[in-house]
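**Q** Using the sequences and the accompanying hints, generate a full structural model.
Protein chains in written order, with this note's numbering: chain A, 4 to 331; chain B, 4 to 331.
Everything labelled a hint here was simulated from the structure, so no lab data went into it. Using N, Cα and C, we set each Cβ at its ideal position, and we do this for glycine too. There may be inaccurate statements among the hints.
[To be verified] Partial selection, computed: residues in chain A whose CB lies under 10 Å from chain B:
| id | residue |
| --- | --- |
| 1 | CYS109 |
| 2 | HIS169 |
| 3 | MET266 |
| 4 | THR268 |
| 5 | THR269 |
There are 2 protein chains.
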Amino acid sequence: VIHFVGARVLVTGGLGFIGSNLVHLLSRESDAQVTVLDSLGEGMGGNRRSLDGVARAPRVTVADMADRDATAAIVRGQDYIFNLAGHVSHTAAMDAPLRDAHSNYCAHVTLLESCRRANRHARIVFASTRQVYGRARSLPMSEDHPLDPIDVNGTHKLAAERLHAHYHRVHGIRTVTLRLTNTYGPRQLIRNGQQGFIAWFIRRALDGDELEVFGDGQDLRGMVHVDDATRALCAAASLDVPPGTVFNIDGERAYTIERLAQMVTTAAGGGRYRKIAMPPAWQAIHVGSAVLDATRFRTATEWGERVALEDGLRRTLAFYRRERVHYV
Amino acid sequence: VIHFVGARVLVTGGLGFIGSNLVHLLSRESDAQVTVLDSLGEGMGGNRRSLDGVARAPRVTVADMADRDATAAIVRGQDYIFNLAGHVSHTAAMDAPLRDAHSNYCAHVTLLESCRRANRHARIVFASTRQVYGRARSLPMSEDHPLDPIDVNGTHKLAAERLHAHYHRVHGIRTVTLRLTNTYGPRQLIRNGQQGFIAWFIRRALDGDELEVFGDGQDLRGMVHVDDATRALCAAASLDVPPGTVFNIDGERAYTIERLAQMVTTAAGGGRYRKIAMPPAWQAIHVGSAVLDATRFRTATEWGERVALEDGLRRTLAFYRRERVHYV
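**A** Okay, structure coming up:
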C-alpha cells in the first residue's frame, strides 16, 4: 500500500469490523503511523480484541467522534482519514433514530468541522452504503441511480455523504465516498442479527443452528470480502477527484440470499436453512434486490475483487472457529 | 379554513415568520384550538410580538422541539401539526452546521418520534425548501427534478423530508411536505441579511439605504406572499396522499433579483440599488436561478396565488413602517 509511506493515518471506527481490518492491512503493508478513534459505543461494532496480532500497534483513542475536543485534537496533523465510524443496523436505526443521527450524521459534522478548523490538508475517505439508493429501479445500480433511501440509516448516510462533498467544494478538504455493499469477513461482531444477514448466517452455521432466510430468499445481493473492501479504501485515498465524487464497491457476481445461505452451510461443512416470513421490522425497510455496478471504481483504480466468495467464506468460518468467544 | 372546525392544531415555529402568520389565519378563519411551540432560539425567526392582535390567543410553549419531554407532552391529542420550526439561514448553516443539524434535523426526529409514541393520528404538514434541489438542471423545477442540495441547510431539510416520509410509510403517521420558495410578507425579522434577500431589501428600502444586489442580479426567483404560503399549508393538511408526497409551492411568475430590487424600491416610494460582488460565503452555496413548478399542488387543491407581488410588497412595507421597531 505504497501511498501511505511515512504518512499519518487516522481510522475512525478503527476498532470496528472494516476499521480493524484496515488497521491490520496498513500496519502490515505500509509504514504509516496509524491512529484509531473509536467510541466502543453500545450497538456498534467496536472490539478491542480486533487489533490483537496487528503488526504495529496503532495509537488508540476511545472517544465519541461527536466530542469536539477529542476529535479536534486527533485530526491535527493527519494526512489521511478513513472515516468508518458509525452504527450499521438499519432496524436499530428505525427504533432509535436519534442515536443513529448522532453517530451517522452529527459525528461526521464534528469530524469535518474539526478538519475545517485544524486540518484542511487531510484526505478523507468516507464509507457509505448502498442503502442510499433505496429500492433499485434497475440492476446493477450505477452511481447515477436515483438516491431515495427508504430508511433512517440510509437517510443519515446520504446526508453525511453530502456533507463530505460540501466540505470538499466549499472548504477545499479533499473527500471521496465509497458506497459499500454487504461486506463479510473476520472481526465482525456476530452477536445478533443487527450486523447484517451474512454475519448472522455465519453465527448460526458456526453454532450448528438452522439458518433463517427471510421471505422467498430470491433477492440478489453483491458480497465483498473485507480484505477487498479495505484495499478499495486504500485505493480511494490517493485519487484526485472532484467534490462529490462517489464510487460503488461491489463484487463481480450477485447471489440470491438463498444461495448465500447454501454457500455458508457448505463453507461450514454442513448445516441447514429454512425460509421464514420476513419480520415486520425488516419488511418495512426492505429494499429487494440490491446489486451495485462498480465499473467506475475499477476504471479509476487498479482495484478488483481478489477474494472469491467460497474461499472468503471458508476463511471467515475458520477465523470464527478460533476467535468465536471474542465476537459473540 | 373549513377543515379545522373544532380541531386541535399545533404550529411548531409558531412565533416565527410563516408560523405566526398561520396562527393569525387559523384564529381568524377557523375555530381551531391552536397551540404554538417555539424555541425563540438565537438566529431563528421567533418573535412574541408576532402574535399581537391575533383573533384568539393560542397556547404558547417556549421550548426546543428537540426536548423530548416538552414535545411529547405537546403533540398529544393534536389533530394537525404544522411543522415549521427551524433555522432558515443558509450561510449561518455553513458556519454552524451542528446547530443547523440540531434544529433542522434532530428536532424533527424528536417531533416524529413523539408522534410515533404519543399520537399517530395527527396529520403533519412539513415546510421544506426549494434548496433541496440544489442547482437547477432545468426551469421551472418540478417535484421530479433531481435532489442534490449544495449546502448544509438544504441537506438537513431534505433529510427531514425523508424522515417525514419514513414515518408515514412505516408508522402510518400521515405527513405531507411542501417545498416553499422565497416567501415574503409581514412578521419576518428584518434584522440582518440572514432571513433571505427580500427581507433585507425591504429593510434597506425602509431605512432609505441603497439595496445591494449580489452579482449581476439576473438569477430568477419565484416569490410567494406569506398569506398564500399559509393558505397552501392549510390546503395541504387535508390531502390524503401516499407516503413521501411532496409539493412545490411557488408563484405564477419569476423575477430576476434585479427586478425584485426595483419593485421593492418602487413599493417603498423610491430608493436605489447597486450591484456588488457576491460575498464569498454566498458564492460558495449559490444555486443560480431557482423557480418551482407548482402545477402538482394547484391540481391537487384549490390553491393558487392570490396576492400579486406589487400589492404584496406595498402591504409588507406598510406593515414594517408601523411595526419596524419589533422586527429589526
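**Q** Now look at each hint and say whether the structure bears it out.
**A** Evaluation of the provided hints:
The interface hint given for A/CYS109 holds, since its Cβ lies 6 Å from the closest Cβ of chain B, which is under the 10 Å cut-off. Annotation: interface hint on A/HIS169 holds; nearest CB of chain B at approximately 6 Å, less than 10 Å. Contact between A/MET266 and chain B, as hinted, is not supported at the beta carbon level, the nearest pair being about 32 Å apart and thus beyond 10 Å. Here the hint on A/THR268 is broken, as its CB sits about 33 Å from the closest CB of chain B, past 10 Å.
A cut of 10 Å between beta carbons decides the hint on A/THR269: the least distance to chain B is about 36 Å, and the hint is violated.
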